Each structure stands twice: as C-alpha cells, then as structure tokens.
Amino acid sequence: MEKKISILVVDDEDSVRDSLNLWFTEDGYRVECAENAKKALSILECGSFDIILTDLKMPGMDGLELLRRIRALNKDSIIIVMTAFASVDTAVKALKDGAFDYVTKPFDPDDLSHLIRNATKQISLTNENETLKKRVDSLENVEDLIGKSEAIKRVLKEIESVAPTNSSVIITGESGTGKELVARAIHANSLRKFYPMVSVHCGALTESLLESELFGHEKGAFTGALYNRKGRFEMADSGTIFLDEIATISQKMQVELLRVLETRSFMRVGGNKEISSDFRVICATNRDLKGMVEKGAFREDLYYRLNVMNIHVPPLRERVEDIPLLTDYFIKKYCLSMNKPNIAMESAALKRIMSYKFPGNIRELENMIERAIVVGNGKKISLKDLPFGKDVIDSSVESLDDFEKAFILQILNKYGWNISRTANALKVDRVTLYNKIKKYGLKS
Amino acid sequence: MNPQTITLLSFGHFDRGFLEKISEAVAQEFNCAVSIKEARLDLTGFFDPNRRQYNGDQLLKEVHSMSINTSKKTIGLFNVDLFIPILTYIFGQAQLGGPTAIASLYRLSNEKYGILPNDDQILERFKKEIIHELGHTFKLLHCYTTTCVMRSSTYVEDIEQKEAQFCPKCRNLLQSSL
Ligand SMILES: [Zn+2]
Ligand SMILES: [Zn+2]
Numbered sequence: 000m001e002k003k004i005s006i007l008v009v010d011d012e013d014s015v016r017d018s019l020n021l022w023f024t025e026d027g028y029r030v031e032c033a034e035n036a037k038k039a040l041s042i043l044e045c046g047s048f049d050i051i052l053t054d055l056k057m058p059g060m061d062g063l064e065l066l067r068r069i070r071a072l073n074k075d076s077i078i079i080v081m082t083a084f085a086s087v088d089t090a091v092k093a094l095k096d097g098a099f100d101y102v103t104k105p106f107d108p109d110d111l112s113h114l115i116r117n118a119t120k121q122i123s124l125t126n127e128n129e130t131l132k133k134r135v136d137s138l139e140n141v142e143d144l145i146g147k148s149e150a151i152k153r154v155l156k157e158i159e160s161v162a163p164t165n166s167s168v169i170i171t172g173e174s175g176t177g178k179e180l181v182a183r184a185i186h187a188n189s190l191r192k193f194y195p196m197v198s199v200h201c202g203a204l205t206e207s208l209l210e211s212e213l214f215g216h217e218k219g220a221f222t223g224a225l226y227n228r229k230g231r232f233e234m235a236d237s238g239t240i241f242l243d244e245i246a247t248i249s250q251k252m253q254v255e256l257l258r259v260l261e262t263r264s265f266m267r268v269g270g271n272k273e274i275s276s277d278f279r280v281i282c283a284t285n286r287d288l289k290g291m292v293e294k295g296a297f298r299e300d301l302y303y304r305l306n307v308m309n310i311h312v313p314p315l316r317e318r319v320e321d322i323p324l325l326t327d328y329f330i331k332k333y334c335l336s337m338n339k340p341n342i343a344m345e346s347a348a349l350k351r352i353m354s355y356k357f358p359g360n361i362r363e364l365e366n367m368i369e370r371a372i373v374v375g376n377g378k379k380i381s382l383k384d385l386p387f388g389k390d391v392i393d394s395s396v397e398s399l400d401d402f403e404k405a406f407i408l409q410i411l412n413k414y415g416w417n418i419s420r421t422a423n424a425l426k427v428d429r430v431t432l433y434n435k436i437k438k439y440g441l442k443s
Numbered sequence: 000m001n002p003q004t005i006t007l008l009s010f011g012h013f014d015r016g017f018l019e020k021i022s023e024a025v026a027q028e029f030n031c032a033v034s035i036k037e038a039r040l041d042l043t044g045f046f047d048p049n050r051r052q053y054n055g056d057q058l059l060k061e062v063h064s065m066s067i068n069t070s071k072k073t074i075g076l077f078n079v080d081l082f083i084p085i086l087t088y089i090f091g092q093a094q095l096g097g098p099t100a101i102a103s104l105y106r107l108s109n110e111k112y113g114i115l116p117n118d119d120q121i122l123e124r125f126k127k128e129i130i131h132e133l134g135h136t137f138k139l140l141h142c143y144t145t146t147c148v149m150r151s152s153t154y155v156e157d158i159e160q161k162e163a164q165f166c167p168k169c170r171n172l173l174q175s176s177l
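Sequences listed follow chains A and B, in order. Going by numbering that gives the first Met the number 0, the first sequence opens with residue 0, and the numbers climb by one from there. Going by numbering that gives the first Met the number 0, the second sequence opens with residue 0, and the numbers climb by one from there.
Excised from the complex, chain A in its bound form (with noise of 0.2 Å):
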C-alpha cells in the first residue's frame, strides 16, 4: 500500500466528520472533509478520491443527489452512504444508484473498519493487484527467520512456493524451533498480507472454550455473554487463521473443524445465522500426525485437508552454524528492549553455545540470551552469564523432561514463582506450565 488510499467524509455533523477524520487518518488514509454535498462538489473537482463517505440527510442538497452528481461525472469512486436507523428505505435507493453499502449510524467500529477494508479490496482487485503479485517475487518479512544454513535456507525456499497459493499448510518441528515465525513468513509473503493472521493456541483451551474462541458466540448464548463475541474464523476473513497445536484437539472438535473447512462457513455458539469467512489455514504441530491417523487418534480426512503443503522445521542442533547469528540476533533485541547499549559476547562463551544440543531449540536459546543480558555486568556475555554448569546443565541431567523440569524452575525462580510472568518468559499459556508444575512436582 505505497500509495495511500484517499478517503472524503462529508456529513454536516462537526463530531462526525473530526471523529471519522480521525479514525481514517489513524489508520493511514488521507482524508478530507466536507459539511455540505456543494463543498464535497467543488472539492471533487480539483481531485478524486478512491472512497466517498457520505451522510443521506443534509441540509441543502441531499446524499441521494450528491450519488448522482458523482455518478455524471463519472468518477469511479466506491461510494458509500450513512443513514439512520429509520431511514433505511433511502439507503437501499441509494444501493440501486450505484452506492457501494451503506451503514447505520452509529456504527459498530468493527463493521466499520471492515466495510472499508471490503472497499480497499476492491480497489486494490481493480488496480493493485498486478504490483502485489509482482512484489510476492521476493520474501518480505522474514527478518525473524535467521540463519543462512542449508537447512534454513530450505525452509525459506518451501515458504516462498507456498506464500502465494492458497493452499493450507501443515508446519511441523519440534517446540521452539519457530514453527509461528514460518507461520508469519507465509501470511506476509501471500496475497493477503493486508488482512490479519489470527493465532488459536488449541493446546490451551478446553472443548468447550475452543469452540467459543473458534467460532464466537451471540450476546445471551449464555448467562453473562453480555456482548457479541467474534470468532476467529470470522476474524481471520481475508486473511489467515493459524491453529498451533492442531494435534490436541478433541474428536469432536475435528469434525466441527472440517465441516468449516469444507463449507467455509459456521455459526456463533447460541446464534442461527451462517457466517462466511474466506480464511486460509495453517497449522503447527509437534507430534507426528500421520502416526496419530494411523492409530485412529487423528481423522484421516482432516489431516489430508490440512496437509496440502508440509514445512519441515529443522531443530536448532541440525543447524548450528546458525548459531552466532541468532545469537547476535537476540542481543540485539534485547538490548532495544532493555533500553542497553548492544554488547558482544566473548567468544568462549559462544563457543560453549555452540557445542550445546538445545533441546528447546530456538527458543531456549532465545531465553538463555535475555537471561544473560539481565544478569550480566552489561559490557559483554561472559561464560559465567550463561546457564551452563550447576544451574541447569548439571550431570543429572540427561533426559529431556530433566531438562525441561530444571529449566522451568529456574524460570520460576527467576520470577519469585509469579506464574504468568514466568509463562511469558517461556512463551507457554499458564495452562501449560500450570500442567507441567503438577507434572514435575515443582515447589517453591
């Protein structure tokens, strides 16, 4: 969106027209205004404008009028009318002379950002869509994606045939390999870009909450639903919808997730209107799927609507030479967010990173550097700020829940055991590291 779409208002209403100049300017169009069908006239004149936003009921000459005007003078902007509640008749006349929708004042602030997104689509289907295909040519956005092995160099390679079509894709790799950063790399690098990548952690939530987040519910579906809730399909629309640990959801959830996948539609919880959303769907796992349709635990006909595309993501220990990178990576990162000078890391200590196997991969290595960063002198990484030795390397560890088990205390130790700074710090939900809590009997 190099060239900003332009927007005029015109309503006579002064609150009206500075809060949707605003809102538009916020959102990065240009605006302008007008408080009277003439003015929005004679500013036409000088210009064009890709949306008009115009109120039906003025004094003087009326939005209906206005339409036609624009209409003779043949401008093709997407035209759009206010109304009131009441006056509802005249905005489906308007309808039938060329306005493009029209909404009831006042708005819902969701319908009407996406009633101007469905306008930018269409401009952007009109003229845009040629440059968009073109740019797609090259990656954008996987600045996160560090690392210039052949491993990685692969994954970028499979993200770049994948990111343009509109096939769902199946991510797999173990915890912490950035299974969410690939995720990211194909939602910016396809046509949908402009609209959002909305993220479900299935792991986290029950039957029950899941198919709530998943598919929204009405206002009164139950005691307390006070307002409407969205859905993420119904987020995700234009977009994507990314479901992360695709393999911990329940049988009947499964159905329910290929019923949308085939109709692309579904309804609120307590509501009996089909929604349609156009979503692409990618998911992650850590667990071998094909295993878990082969033993009945995964329906086989989900699986392969999901697994049109796979993307292998390649543990951190099968692309060590990545290693200094990411390193360099995070201290940068960090640094920013601490508000530090960038420091450099003495080359023993990288050297000992280097030899080490990380089990969680990415992101263990990611939480070894913030940890550094905090409890070094701030000049630069020594050996003695990393995590090797008595704290969490000790001898008796050697398997991977040991590990796990002592990196979660430490963590929490860390945190004065306050759970969701913790989980943060583990990008984990509290759920999670609530179940691993009971599961290594950790106490404080």
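Honestly, the hints are just simulated from the structure, not real lab data.
To give a feel for the contact side, a few chain A residues facing chain B, derived at Cβ under 7 Å:
| # | residue |
| --- | --- |
| 1 | Asp26 |
| 2 | Ala224 |
| 3 | Lys229 |
None of the values given here were measured: they were computed from a predicted structure. Yeah, the Cβ is synthetic: ideal placement off N, Cα and C, and Gly gets one too.
With chain A's structure known, arrange chain B with the ligands on it following the hints.
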C-alpha cells in the same frame, strides 16, 4: 531517559498495584518517567441516558483541560462504557500528536462476554490499549504488523493478537518523535 513524562490520570478507582504494573510497562515502552495521579470527577454530566454510555469526546476534552502542560502526555483511565456519537463504543481515543488520550477498562473484561474472569488477561489488555493510545499522542498511526501494539483493535479478541510492545518500525518512529 527521555525528557517527556507521561501521567496516568486515574478516574476509575483502580487498585494501586494494578496502576503500578501499568505504569511500569508504559515507562519501559516509552523510556520515560511515568507518574500516577488520582482524579476526582463527577461523571454524571458525561452520561448519555439514551445510549447508557459515557461520551468519550467530552471526556477527552475534560482530561485535556485538566492537563495544561503540553510537554507532557496525559492519559485518563476510566472504568465506564465509552462511546462517541458516530461509533457504538470505543476502548479509548487520543489526540493524534497531541498531549491527551483516554482509555477504559470497561469492555476489556471477560465477564462482559460471559467468559471466566482472568485478572492477568485484563491487565495485559489494558496495558496494550494504553500504550496504543499513548502511541497516537506521539503521532504513531496504525501498523500492519500482527504483533505490534499499534495494530488497530476493533474488538476485544483482537487485542490478544498483539503484544504490549512496539514493532521495530514503530519504535523507530517513536524515537524520532520523542
Ligand atoms: Zn488506534
Ligand atoms: Zn508497528
């Protein structure tokens, strides 16, 4: 540390610890001093009986008149349902590049949507909305980066998708306007 200071002006009878956690996050994101002040204001004059909500335009003006020093940013924090005439509700709003903003916790709590309450979640959401509105006072516009705090959120679930932090691009823009 930047010469800018930010004031969190509380109108919502918020818990002190709650406000301190927010102030910590704001200070970290903007790298400047943040103070917390309690304000007393009779809100009845801002209540619209037809809409059963409070007028966000008028409240923004009121907070603005209470904070005259323009080298500072002030954000009024409320716990009432805010609207502006053209929109059915707002989580908050700001003067773009100006000194004042407002934000309300009201629609951010799970209970309003019939979901179990979650104190950490509501704190996170409020932090994000406050940092977002303050970002506007530093001339930042909406950002397309999914995780950036300056991403526009028009409904509550949308807030979950972003983090309480600026993306590198917005952070740079912020730096140049501080
Ligand atoms: Zn905003
Ligand atoms: Zn941003």
